[in-house]
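Those protein sequence lines, which keep their order, are chains A and B.
So that you can map any letter, position 109 of the first sequence is 109 in our numbering, and since no number is skipped, the others follow by simple counting.
So that you can map any letter, position 39 of the second sequence is 39 in our numbering, and since no number is skipped, the others follow by simple counting.
Check before you lean on any hint, since a few could be wrong.
Unchecked claim - Each computed EDC-like pair below joins lysine to aspartate or glutamate, with the alpha-carbon atoms no more than 16 Å apart:
#, chain 1, residue 1, chain 2, residue 2
1, B, K140, A, E111
2, A, K62, B, D147
3, A, K69, B, E152
4, A, K62, B, E152
5, B, K150, A, D67
Unchecked claim - Selected chain A positions facing chain B (in silico; Cβ < 7 Å):
#, residue
6, T43
7, F47
8, N55
9, N58
10, V59
11, T66
12, K69
13, I108
Claimed, not checked - One-sided excerpt, in silico: chain A residues whose CB lies under 8 Å from chain B:
#, residue
14, Q11
15, V48
16, E51
17, L52
18, K62
19, T64
20, R70
21, C89
22, D91
23, S112
Note that these hints are calculated values from the structure, not bench results.
Ideal Cβ positions, reconstructed from N, Cα and C, are used throughout, including at glycine.
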Amino acid sequence: MDKMKKNKKSQAEIVGLVIIVLLITIGILFIVKFVVLKENPNTKIDFVHSELASNMINVMLKTTVTDCKRSSVTELFKDCAAVQSHIDCDDDGIPDSCEKVNETIKIILDESLVKWRNQYEFRAYKPSYKEHPLSSYGKCIKRGNVASATYPIPIDMGTLFVRLDICS
Amino acid sequence: MKTKKAQIKMFETIAVLLIFFVLIGFGLIFYSRIQSQGFQAKLDENFELKAIQTAQLVSFLPELQCSSDGIITDDCFDTLKVEALHEIINNPQNKDIKNNYYFDVFGSSEITIEQIYPVVDSWPIYKKIPDDYKAKSSVKIPISLYDAKKREYGFGILNIDVYG
Numbered sequence: 001m002d003k004m005k006k007n008k009k010s011q012a013e014i015v016g017l018v019i020i021v022l023l024i025t026i027g028i029l030f031i032v033k034f035v036v037l038k039e040n041p042n043t044k045i046d047f048v049h050s051e052l053a054s055n056m057i058n059v060m061l062k063t064t065v066t067d068c069k070r071s072s073v074t075e076l077f078k079d080c081a082a083v084q085s086h087i088d089c090d091d092d093g094i095p096d097s098c099e100k101v102n103e104t105i106k107i108i109l110d111e112s113l114v115k116w117r118n119q120y121e122f123r124a125y126k127p128s129y130k131e132h133p134l135s136s137y138g139k140c141i142k143r144g145n146v147a148s149a150t151y152p153i154p155i156d157m158g159t160l161f162v163r164l165d166i167c168s
Numbered sequence: 001m002k003t004k005k006a007q008i009k010m011f012e013t014i015a016v017l018l019i020f021f022v023l024i025g026f027g028l029i030f031y032s033r034i035q036s037q038g039f040q041a042k043l044d045e046n047f048e049l050k051a052i053q054t055a056q057l058v059s060f061l062p063e064l065q066c067s068s069d070g071i072i073t074d075d076c077f078d079t080l081k082v083e084a085l086h087e088i089i090n091n092p093q094n095k096d097i098k099n100n101y102y103f104d105v106f107g108s109s110e111i112t113i114e115q116i117y118p119v120v121d122s123w124p125i126y127k128k129i130p131d132d133y134k135a136k137s138s139v140k141i142p143i144s145l146y147d148a149k150k151r152e153y154g155f156g157i158l159n160i161d162v163y164g
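Full structure from sequences and hints, please.
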């Protein structure tokens, strides 16, 4: 009778020990999940990248190309995407809107995103010729957190899409 | 014999209580450390938000924005207005305007407008850097720079450094 009582007591102690261990384990898991593994909100980075992508394209398309009859980048893109280009910047009888627009975009990207060491991908393409973009600069090696902006430009035959991805 | 057993039981209880309080102590230290880290992260986030707030404020400043017949163009600064504001704020005679009005608006920060296309140019608008700043946050926003004399849009960058 006494032996049975002792056995029951040790069983109860073991159960108590197991409950304590379980509670401590759950507590540690809870702390790890909600405190240690908590991701810091990158408010500024998110804002800056999304603002950068949309402002960059918006401002770029509005920019006047000074040495090409004061045409804007949008006008040059429209002409470049047309079946027959007609804007001739240096009056040599050969239309050069594609050349000029790419030259201008390269200057702007080199002086901004490249200088700030931001990973980016800039493309200007017709949906049916996505593999052969009119303009293509940069390459995102890691596509983790991407902020994108796409602007459609109506052209003679369809739409030209100008897209900028900023990767981090 | 019975007294010895009771003494052992008492020591056992004291040891359990001691371990229990030591564990609670460790828990409290760990919790307070994590809490202080969280507090610091919150402070850092608020500081970063202040930089964004200043950037937004400058972007929509009527002293700089492009407008035509009262219609405002987004993400655009008029270079004539930029030059005028640069001269007003940096004129030693207008020290009061800079130290009172614009300090209330921009706080401890440095604001510069840079043109990168067609020509490289720069206009330092406002500069108030505290001697003992502990943190700095920078924001760069692309903006159009409209030259009303030539009726041309250039490509510019609004640089904002906020100090805390």
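Outcome of the hint check:
| no. | hint | verdict |
| --- | --- | --- |
| 1 | K140(B) x E111(A) | 13 Å, holds |
| 2 | K62(A) x D147(B) | 13 Å, holds |
| 3 | K69(A) x E152(B) | 11 Å, holds |
| 4 | K62(A) x E152(B) | 9 Å, holds |
| 5 | K150(B) x D67(A) | 13 Å, holds |
| 6 | T43 | 6 Å, holds |
| 7 | F47 | 5 Å, holds |
| 8 | N55 | 4 Å, holds |
| 9 | N58 | 6 Å, holds |
| 10 | V59 | 5 Å, holds |
| 11 | T66 | 4 Å, holds |
| 12 | K69 | 12 Å, violated |
| 13 | I108 | 5 Å, holds |
| 14 | Q11 | 18 Å, violated |
| 15 | V48 | 6 Å, holds |
| 16 | E51 | 6 Å, holds |
| 17 | L52 | 7 Å, holds |
| 18 | K62 | 5 Å, holds |
| 19 | T64 | 4 Å, holds |
| 20 | R70 | 6 Å, holds |
| 21 | C89 | 13 Å, violated |
| 22 | D91 | 19 Å, violated |
| 23 | S112 | 6 Å, holds |
The earlier numbered hints that this structure contradicts are 12, 14, 21, 22.
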